[in-house]
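Line by line, the protein sequences are chains A and B.
Just so we're aligned, residue 1 is where the first sequence starts under this note's numbering, counting upward by one.
Just so we're aligned, residue 1001 is where the second sequence starts under this note's numbering, counting upward by one.
It is worth saying that the hints were derived from the structure and are not from the lab.
There may be inaccurate statements among the hints.
Claimed, not checked - Here are the simulated EDC-like pairs of lysine to aspartate or glutamate, each with C-alpha atoms no more than 16 Å apart in a straight line:
| hint | chain 1 | residue 1 | chain 2 | residue 2 |
| --- | --- | --- | --- | --- |
| 1 | B | K1357 | A | D225 |
| 2 | A | K371 | A | D225 |
| 3 | B | K1100 | B | E1087 |
| 4 | B | K1360 | A | D225 |
| 5 | A | K61 | B | D1367 |
In case you want the letters, here they are:
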Amino acid sequence: MKPVYLVKGLRTPQAKSGTILKDVPPPYLGHYLIRQMIDEFQIPNDQVDEVIIGNTGNPAKYPNIGRVIALEAGLHKQTSGYAVHRNCASGMEALSQAFVKIALGRSDVIFAGGVENMSQMPLLFGKEMTDFFIDMMKAKTPADKIKIATQFRIPYLSPVIAIEQGLTDPFCGKNMGQTAETIAKEFKITRLQQDEFANDSHRRATMAMEAGKFTEEILPLIAGDKLDVLVNEDVGPRANSTIEKLGKLKPYFERNTGTVTVGNACPITDGGSMWLMCSEEAVKKYNLKPQARMIDFHFHGLEPQRMGLGPVLAMDGVFKRTGLTLDQMDLVEINEAFAAQVLGCLKLAKEKDLAKRWGMDNPIGEIPLEKLNVNGGAIALGHPVGSTGSRLVVTLAHALKQQNKKYGVASLCIGGGQGGACIIENLEVGA
Amino acid sequence: MELKKITLENKEGIYYLGFGKYEEKSMTVLGEETFQEMDYAFETIANDNGAKGLILFSHKENSFLAGMDVSVIQGLDSEEKAIEGCESVHVIFNKLEDLKVPTMACVHGICLGGGLEMILCCDKIMASDDSKTAIGLPEVMLGILPGFGGTYRLPKKVGLPNALDMILTGKQVRSKKGLKTGLVDFMLPKERMLELAPEYLNKKSEPKKSLTESLTDKAADNFLARKVIFQKAREKVLKTTKGFYPAPLKILDHLETNYGKKRSSFLSAEARNFAELSQTIQSKNLQHIFFLQDAAKKIENKDEIPSVKKGAVLGAGVMGGGIAWLFAKNGQAPLMKDISTNGLELGLQQASSVFRKQVKRRRMSEDEFQRVQRSIQPTLTYAGFKNADLVVEAVVENMGLKKKVFTELEKEVSEDTLITSNTSSLSVEEMAGALEKPERFAGLHFFNPVNKMPLVEIIRHSKVSEETINRLYKWCLDVKKTPVVVNDCPGFLVNRILAPFLNEAAYLLQEGVSIEAIDKATLNFGMPMGACRLMDEVGLDVGAHVGEIMEEGIGARMRANPMSKELVDKGLLGKKNKKGFYLYDDEGKQGEINPEVQKLLPSEKVKMSEIEIQKRMFLPMVNEAAYILDEKIVDSADTVDLGLIFGIGFPPFRGGLLRYADSEGLDNIVSAINEFADTVDKDRYALSPFLKKLAENKQKFYEL
């Protein structure tokens, strides 16, 4: 395998759905990140092999958003582009595909990342209403039309909420929140533990924001009705978050006995992220100074109703694949879909009998909290589904640089019962 | 007859007459030879009993016919000649109209003036659905009327109201709009036009007039309704032209008097009226400007000069945002750097406000707006500047700061990035000293607001390379601005000539002349706004600052009137803070005269005649222009006039400042200036020795 360089990673600010980024068309959560890097590194616009974009909402107006982003970014028309969908790990899937192509020597310059505007996920008409429309269109005579019109029923109009369906597992029928509840119950994770973890996420994120730790990774984004507002910070982390306040929230998924609330789960979010990934040849040719190297990745499946444990299985896989160990990791990112699920992962990672139950020879080891999600996670920063997989790597790479550390692993659970993980090496150690 | 201008081919009885095959320029124009050959062609077809039809088309890629060669119009030195010229063409066009076979023009690209007047003689007009197709009668812009039957045939084709709209404004119509008004009978893809033309020759034109359109057409047949239509049009013309331009009024008179008359008498009236307008001083002046503009658009080896693909702006204020808008509009996705997010947002607002207006007028879709506004990349760092071909610096007017910025910037850009400063008052020569590679640096002075003001001054300094000047010149043309190349001096070309004008207005105010009187005199001279109103627009603080710099750089002739400084100290900054000589509302609309200013002015008012006021203000401009020519700040009187027309809206019907001076007589101007030197101020009216010499030698500015 040839080495694969992560030359530079950038992301948009992330904002809770329905707020400042709600009207940004999804391609514009990615195109300017590419344009900025093209300008910065002066890579000719016809020298990019591919643009690979993770996205799960599949906005109807922008089919194959990867290609749309390539063109909007001003890349040459010959540039290939496509979208990938691996649910919550779509952004990581984009990076993985770029990794394989570069490692095999098939490609030299690829932009890989993800975009998601969850504010813009549509309401759909149900099957009855769709059938009604089709029959109306087929009707030739006015008499036929009237006949069909009389068959209309008001409930036909009740919408199918795309985002709600998307967050419900089609195999086991549980929604994502319920899978977190399952883990909380089985692993005996209390409400208080979850709220404490969530509160800590906000604390870490707001501290990182105040210390300017995100300024290098966020490229300000134009927003507002008139496109004259510049957003340069995440909308989500709360400096005034307290465990008491979190404790007052009602369980959302299991009203009476549950423990998972909107406060200890990640919010629905809009955002995008992008990596410029290059081969060694391209690095030399354009005189680039990559910030990191992607060592390898792994995806792993498990039962959909416990999808939240996926990160540990994926990490186990990537450690086996690379021969690296958890001890060697200076920083660890586990995406915070739900506090319960991250806490479940921490248990699974260190307990032998649990490891066995999920088919691991040995536990991967204890993940110290001071290495985990050092700048906060999705509970505070949000989880724009298609982007998060690459956003985690952006944040991880910048955190490694800031702490002058070498290895990091980014991992996340994937709706449908999978986990994904990838290891990167910071090349700016001592720089 | 050997054809050298047109082509004529007979395919199975259908004649194909093509234009532009032998034309080397990108646009085909009509001239004497073309007319003769057309005459021959129409005769041939008329005498061919086997003829089944005639199809007119162009061999050129994007030009059908650009109308009459303007130099031919300029050469008409008497009314008789003009009448003769029109009538000879009428005879030929009538032959086309009188052909017994069906006739049709297939138009792709621009079709203007005489080109349109000719195809109006065809039974049908087919136009391509391409955005490059634009049809119109621009004669009014040259101070004349369409003299080849356009005033007779267009109202018949599109109805009186639509015809008036086109003839009075000179605006160009796209195919889709043409289809609606009836100007265009069929709209086809350009690739299919010639192939399908024979089928369409005998087709009925597609009905598309809306109910209201056909009702207005009907109404125009009614005498009273027609009277109302003309009355309204006349009011509109007077409002926009303030009566300075005789052509539109003449067009209205002509159409009203001759409406409904038979072809022969209508056409001879048209020829007479055309002839009359062609000899007016206004028309001559407008033709002069046409040639000035035309000459300014020419640049040698244009294709060999590299284009700007990406722009960058430093300093995102009102000007920075305006320049970013210009880059964005022209697909040059600019980086816009400032030191604060607030600054960047100000620049974004500036660009957005212009684009939003287009969206509101449906000239731009929401999707296009997203794309073009988002093509601006706001940034607090220099990251990406390496990829910029042209950087325009628009930071605060402070020499030390600018020098510091250039030193920084030069490290962040590529070898051949052009670096420019949008300074309006600082020395470009001095700035050049701060650069390691001054040859790629020049001044690039835009006027506010950038989206409305067509002029850009390119400022030289002693070390600039010709390549830099050429690249900047080409860029200005690419972004549809009018460039003038100027040597470095305080105020450059436009502000240096404008300064004594505004300064003199301030002195007049101090002498007790009222704001109303000054602004009325300026407006009646033909300026787009009064002098005091203009000072509000520029900003009194900016004016005071420039005034100081001018006095420092040029001396007593520019001795700044202390009043603007007093006003600034009192917090009156002009339109920008809604308080200047006038008050302004939130939308920037002008209101009453500001009572605060009235209090500061002499309570005893002096009565001065309008002509006297005009002389006091405009003669110092002529005098300063003479100094500028003498110091070789610009190369010719042409450049001065071009600069003032497009930079401050010097009245076009006067043909420019120096053309106006020439027409007044330089000896008269010299004696008036000398008189003011005695009676008003010997420094401010210190006569240019150069002007004195010209007058003594009985020369004109335009004879240099």
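Hints violated by the structure (listed by number, smallest first): 2, 3
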